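Chemist: Listed below, chain by chain, are the residues.
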Amino acid sequence: MSAEVVIASGADCHLMSGCGFPAPGAEIFQFDAVWTFHVGSLDLHITKITFLIILISVVLMAFFLYAFRKPKLVPRGAQNVGELGYTFIRDGIAREAMGKDGDKFVPFLFTLFFMIWLMNFVGIVPFLQIPVTSIFAIPVAFALIVYLSWVPLGIYRQGFIPFFKNMMFPPGVPAPMYVLLAPIEFISNIVVRPFTHSVRLFANMFAGHLLIASFSVATFYLISASVVGILGSVASFAVTIALTGFEVLIQALQAYIFTLLTAVYISGALKAEH
Amino acid sequence: MTNLFASVAVIASGGAEEMPSVLSVPIDELIIGLIAFFVVFGVLGKLALPAIKKTLDERTNTIEGGIGRAEAAQAEAQQVLEEYKAQLAAAREEASAIRTQAQADRTAIIEEARNEARVAAQAVTTAAEAQLAADRAQATASLTRQVGELAVGLAGKVVGVSLTDDARVRQTVEDFINDLDQQVAR
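Sequences listed follow chains D and E, in order.
Using our numbering, you'd call the opening residue of the first sequence number 1 and step up by one each time.
Using our numbering, you'd call the opening residue of the second sequence number 1 and step up by one each time.
These aren't lab readings, by the way, just hints derived from the structure by calculation.
Computed from a predicted model, the values in this text were never measured in an experiment.
One should not assume that every hint holds.
As the list claims (entries may be wrong) - Quick list of in silico lysine to aspartate or glutamate cross-link-like pairs, DMTMM-like style, CA-CA up to 25 angstroms:
hint : chain 1 : residue 1 : chain 2 : residue 2
1    : D       : 165       : D       : 101
2    : D       : 100       : E       : 57
3    : E       : 53        : D       : 185
4    : E       : 46        : D       : 83
5    : E       : 53        : D       : 103
Isolated chain E, as found in the complex (with noise of 0.2 angstroms):
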């Protein structure tokens, strides 16, 4: 048997070739182990275990795939319910708005309405008074004159005089009257 270590034991006892040392090491049991060992590593290296090493790199993938689909659902959820809570702060922020609008408008409406029906109003006193002033410009005028005539009628049946077309009756007349509004005005 070949020896890669020198075998005392076998020395001791006269070189025996049925008893070497247990710390001989015979080249063929050497060679026939590392012979084992490849053919197992190579079979086993080419043939099972990247098998197997994909289907567990797999199984990974689809559990963290599934935390992953979970995680992205979330995601969503949790988007939809920001995009709702912006609308819903959107849609409030726009009624008060509109509710503020609606009362600027309101106001204004109001204020253009009490605008509207103050000038109004004031055209019609203004028309009236002017209307007004005018009857009574034309009445007194008219009154004046029909009470001159009257008066001057009377006085020239009183005096038997005509008294009509004459400028110093009429001035008297109008002393008169001025006398007359002066005893009003008083």
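Bound-form chain D, shown alone (with noise of 0.2 angstroms):
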């Protein structure tokens, strides 16, 4: 059932109908496989969210590489609106976490950014009103492509040992606590950082997702002719209009923390931490 399955029952279900609140619950992040396809024993579905990545992806290169076809020293119209996002990608995030030695990790950081933006913006655009994000496969896809980045890189700078033990035994720590601070360390960085960073985003898009649903769903199920119904289905609404606005900057916020803790983790990949 989607989204819409369910606002659309909604609709006939009252307060005053004697029917319980149907409350929206995880059946609203399961969208039905519109065409399904085998690579060897794998099967593919194509749902909604597969239609929504590709749309995305279409239309951030489509902008990009039409903002940036032939750019002028003295930008204007979309190469404007372009390099806004590329200087905030590049000073706000890449320099801020690694300082010059971020200037190459800046398109790799500016992928990450406007597609994790873009996949939470669908989630407020009528009629797509799903965030991509709020599937938990796509964030894990995201920390799976960061994790998988600045380990080796770190390995590969640093060097096998030099890495683990820069990450495990951070300097100006009496000895002793080594003992406690080593598995911590190995923890909190190797395993459960994956996990936090896909979980974040995952969490915040999906309770943001689920709040509005909720209001949209009591909007309709409140309403009637009475003062309780009309007061109820208004300040449902209200509430639904606000955490609306309250969502855009979620999204945009978690895009960018996001971002900027794979920044944080490549420059600590780069150099070890003190």
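Put the two chains together into one complex, using the hints given.
Modeler: Shown next as structure tokens:
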């Protein structure tokens, strides 16, 4: 059942008609496969999420290819907007975390940020209305890419033993503390980090979408020709709008946090943290 | 649907195919996410971003180049000013040296002229004095002789005796003149 189905069925189910509140749950994040094809033993399901991923990828590539097709020294129009994005990633994230070394990671961070941001953003675009990042597999995919970038990079740059030594034995700590610190550092950096990285993004987008869906359903559920019905419905609608506005902020913030953490991880891999 | 993570909710709900856990990671979605990222990363990283990076670098260069040119111009102006000041100082020094030299030259010339004049005057004086002395000596000799002759002539006429070539007469005249000289000197 998709979100639209829940809301549509909610329109027939009212407080006054003795129907229980059809609270939206995990089912609003499930989409029916419109097309399934097989690659070996693997079933590939083409769903709304798949379409959104393709749409976002195409829009992203098209916009930036258009904006940067013939860049001028004095920018105008789309180039201005694109440059704003580029300098934000370069100066605000890459150089902020890594200094001048960050310049070569700008394309990576740029792609990460704008893909995640757009995937968050489609959550409030009418008819699309599902943040792609609220599907756990997507943040996992991004966190995996990041994890498989900074760990090999750190081993390559620092050497296998020094990489783990620098991570697990930060300087300036009394020697006995390493008994406690070394396992904690190892677990938090190598084991837990990809989970926190992906879950942070997923949980924020999931919860935000669930909240908006709940209040949208409540708007229809409560509506009736009574004081309680009108007040409740209007209040729910107002909260839906307010939450949507709040979501815009969260979407950008979560994309920023994810990308900034990526830059910090890469920075830590480039040279030992002190 | 293939899940990477064990889905507790799916197991709990009796494995309903419709309702897997939200924390399940279907491998097809994961793969699509990965492919999408790498395609976008490849296209943006290879085609779109190098162009804008180049442009931004060029712009930075242009701005910094402008600043550089301004700095160069300022440095040049400063250098020209320094040179001008140095030239001015040199010219002043030269003028001062010339003035000093002129002063010295003038003093020297005056001194020289004075010396020359003094020497010339000295020479003239010496010559005049010599001439005077010679004239006087000549005049004295001539006068002595003439006076002697006159006196002898006169005395001869008075005594009627020729006293012309007499040594004694000459002695007398000389004695007389010497006596006369002594009287003049006194």
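Chemist: Each hint should be assessed against the structure and marked as holding or not.
Modeler: Quick rundown of the hints versus the structure:
1. D:165 to D:101: Distance of about 23 angstroms is within 25 angstroms: holds.
2. D:100 to E:57: holds, 13 angstroms
3. E:53 to D:185: violated, 37 angstroms
4. E:46 to D:83: holds, 16 angstroms
5. E:53 to D:103: holds, 10 angstroms
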